[in-house]
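> The task is simple: from the sequences and hints, build the whole structure.
Chains A and B, in that order, give the protein sequences.
Per this note's numbering, the first sequence runs over residues 1 to 602.
Per this note's numbering, the second sequence runs over residues 1001 to 1642.
Since the hints were derived computationally from the structure, they do not count as laboratory data.
Heads up, none of these hints are tricks.
Simulated restraints, written as ranges between beta carbons of each label pair:
no. : chain 1 : residue 1 : chain 2 : residue 2 : range
1   : A       : R307      : B       : V1175     : 17 to 27 Å
2   : B       : S1406     : A       : G443      : 38 to 48 Å
3   : A       : K196      : B       : T1124     : 19 to 29 Å
4   : B       : A1306     : A       : G381      : 57 to 67 Å
5   : B       : D1584     : A       : N139      : 51 to 61 Å
Note that beta-carbon positions come from the ideal geometry of N, C-alpha and C, so glycine has one too.
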Amino acid sequence: MSLDRADDPDARTYEYKDRTLLWRMVQYLLAYRRLFTAVVILTVFSITISVWTPFVLMHAIDIDFPTGNLQAVLFTAIFYITLQIFAWLTAYGQEYLMALMGQRAVYDIRQELYSHVQEMSEEFHDHSSSGRIISRLTNDVDRMSELLSGGLISTFAQIFVVFVIGMVIFTVDARLALASLSVVPILLVTTLYFRKKLREAYRSTRKTISSVTANYAESISGAKVTKSFARERISAEIFDELNKTDYKANVDAGRAQATFFPGIRFISGLGIAIVLLVGGTLYIQDPLTITLGTIVLFLQFNDRFFRPILIIANFYTSVQSAFAGGERVFTVIDSRPAVVDRPDAAPMPEVDGRIQFNINEFRYGDGPVVLQDFKLEIKPGETIALVGDTGAGKTTVVSLLNRFYEVIDGSVKIDGIDIRSVTQKSLHARIGLVLQDAFLFMGTVKENIRYGKPEATDEEILAATEAIGARRIFESLENGFNTEVGERGSKLSEGERQLVSFARALLANPKILVLDEATSSVDIYTEHAIQRGMKTLFEGRTSIVIAHRLSTIVNADRIIVIEHGKIVETGTHAWLMQQKGKYHSLYELQIKPRAIRTPTQK
Amino acid sequence: MGYIRRLIGYSLRHRSLLFGFLTAAGIGTIFNLIAPLILIHIIDNVILADNLNQLVPNVLLYVSLGGLYAFFDVVGRYGAAISSQRVIYDLRKDIYESLMEKDLAFYDENETGQLLARATTDVTTMREFLFWGIRVMFIGSAMLVGTFFVMFTVSPELTVYMFLLIPVIVAFIYVFAKRVRPVFYAARKQYGVLSSVLAENVYGHKVIRSYAQEEKEAQRVDKENSGFLELRVEASRLLSLYHPMLPALFGAVIGFLIYIGGDLINRVPAPLSLGEFVGFVSLVGMLMLPARFLSWGVGMYQRASAAGERTFYILDASESITDPEVPVEVTKLKGAVDFDNVYFSYGGDNFILRDVSLSVKPGQIVALLGGTGSGKTSLVNLIPRFYDVDSNGTVTHKGTTYSVSSDRKVRIGDDEFSIGKDHVEIDSEQIDIRPPGTVCVDGIDIRLYSINDLRKRVGMVHQDPFLFSATIRENISFGRPDATLEEVQEAAKAAMIHDFIMTLEEGYESEIGERGVTLSGGQKQRIAIARALLADPRILILDDSTSSVDARTEMLIQQALENLMKNRTTFIITHRLSTVRNADLIVMMERGQIVEMGSHDELIKAGGLYSGIHQTLVEMEMAASFENEEPTEARVQGVDRL
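Below is the structure:
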């Protein structure tokens, strides 16, 4: 499966129904049953208190004030204050527990997604860009946060509040209730209308702002080029255009935004006017059927209508965002890894390093055949150079050895053990993998070298770097071995990164080493250290190298030439050169030109 | 404070907008405050006084007050949107222009991502303050004063008690600023940490897997994820605690009002009417708003101030490379380049280049050789003035070089020595002062040319060139946007990329980058060569450390480079011996100094570092090309010096 899809954060594929998505999210909340129950109880409490409070005020105005009984007034006042304290406590409990439950659910989703991504086979990583996977783990999970940690429950609570208040006011005075509720539909329609308008306005500002950002990013990265062509003024003009467009879009959005809130507040104010008008008329014409307290009660309830409707309107936005995020997250969680440990998989024992490829045919999914009739036996301690054109199948060979993909027709064996019968983890522990693009983790040089063997002593680290001839290079870094390498090793040069990855591999000391040689070259000095390092690395272990460097190829025990997924030639450099076959032409056309040139004279 | 003042300074550029929207907000607030007075009037003098014919006009008055409030509020908000957006527009423009003027040292010191955040996210934060913050603080203060004023006109007796609410409001603002928000910021920061750990896990998944470190990584993720959970929950807890506190406290005040009001209403004569009581209850509710508003405002102020510090940093960073006051007129350059006694450092006594002198005649090819940190890149960066040569004199004492400060002193360790006329006495030793070095083009110090004139005549091509997300044509004509299609095609042909471009569906109009065609390294390099060809510089700087490409591409690049180098003074950074051998001058650099210089033959004869390296490389090649069973152990002389 692939994650590479539209970039709009709110885009949906509708792979899942809204109902399904909502239910799945709720299930993460339901994992905390006790918290959930507590939240529901507290919510009921808080609704009760909020509906009750205006009645106490009504009681004071209608009953206590006219009698002038100070004792009763004091009692009512204390009761009112007590209700407020309870309102605070229940709100605190309810909101806090709701957030606790929601945040735990978000934590759980992220953990689940993370372990799932870790379990996914390389196939998944090959087909999805890292940036997208990261955004699943970060932004998309976070998108559900608002809904889970409050939005969902409080919206239901608010809908409930609206109904409860609606019912209660009808029992108090149906005529006034009808009058007061008459603005609710207008309120709803206006709110929804503005929401839609605002969403459109924001969508266009998102577009304009992202072109401003993109232009900034490019201008900063390309500053050197812009300067070297002395083109600052034209670039500034182009930026100015984008900046202006963004200004206009934002001012337009500003207009919609400016009218929204005052508008609906005005409509809500109309409700008060209607209550005053109808209530006042009734009071004057028919004073026995209505009290002043009732009118005040309705005025108070009017305010309590206003908030729920805003929250409900807001719910739509947060639900859209949560659904979009949830859909993308669940798609990943629901995908199955292509390679799984067998139920009876045993750990791989210590090995000598004899490798047998016996592959009849291999293809990626339904794609074309990548490897065909690939039979190869590698002796323990042998160094093998894989050579061939791009796309010949070299990378596939090492991927299959690591079981990043599953061989269906054929087998790969190490010391006679089929790699499908052992656990992936133990298999990887036996095979060292040195990648073309040396990946380093944030931390120091030392920590990175120690990565595969956390218990390694400083002496061991020094010995390993000495062995690959990189000790002086590391020591001459700003803080020696304690130099921070930066994000993905960005503070080191390419060559230095490679040397760190060699030292790391040497220290982990695997019996089998797979090395995908870097193609980009470094300066002569580092290059030499790298070549020396590689030789040390190959000693005493079975090594398979996807080779690009002349020296690596020449020094290999055996060169395997692959063409269109088949082994076409094997042998040493000298022997293969004599054959004047595929290797010879590869050498003349690719390997030799890539190497540092021979002088033609002298 | 300083940054906010500067930000407001931007707002004041469009004074009428700023004051206009504040005035509108102020007028709106007045109407908002009058509304409860009408409510009191309706209850006391209409409803309770059985004055039915007064009811409709008074309710209409109430509605129109609400309408006026809404109208002025809309105007205030819209005005604030325009005003804040104007500031953002101006600010972005300034930032962009300032970024364009910065020298490369600035870009070396600041990561792209950081700069981008300062120019975008931080600017958005400031906009929030300008749009909401200013208005909300203004309305909040106005309402605080206004509500008390209105309360006082309704009932001075009750108002006295209401002053007790002021400490509550202050405490609320304080608690949010000092206790609640810091936890939110901490949570956001932790989110950043969590994200970067997750990102590392995704990017490094193969390494993690191959070293079987899944559990360790999972623990790391769990730790950061738990940390994030804790902070978020704590932030929510504080918010749940303090947020409902305000309505509860104000509710309690209403309870208190019931008691006091019940007493006052029943006195004879009553100092408080029923309507006044109801109006007062609604005024107390309105007093909650200033507390919220001011608290928001303070939060936005804090954030904007921090963001301002980061953004204004870009505007404040000074440019050390500037145009001369009266630049030398340039008509046509020949392309002679002279380095004379050049010292270069990023400030301090840590010299990247030391005592570099080099004379290049027009049209010559100079090959620069050396390891990482040898200074070869810094050397070529001096020619288009991406950096400037140190303008201080230097003193060399016991093998170490020290720069002479502008107050004519030399600092060695903790000691300071004053400079005489042209020498300094250190430990009773007379040491001559070396004057500051120069880089000259056609015999004229490059600092005397206008920067634009100079850079237009110095071209650069990198092995991993930067192309813009634009069409191929726009990329090639980057340095000369007015070039005709024919000219662009000519350049592309000479750069051996025309045929490839023609195979694309949209030819020269094809977009490059994420949304368009993806180019290989070799294709990018040739487009960059075409770009340089079209700009037609006199002096050329090539960074060609050959990335691996197939033979055909290699040939094309070679051909393109040859076309490019024709009739131009060329500096080429390379370790390809064929190129080196053909150079007129080979410059071997180590630790910022030229260690060997001359033609290939001269250097071979001299038998130094170059000849050693050359010899080894030849041996390696021989080992490969002859049918030699035992490959010669490759030894590179000079490696041990690393």
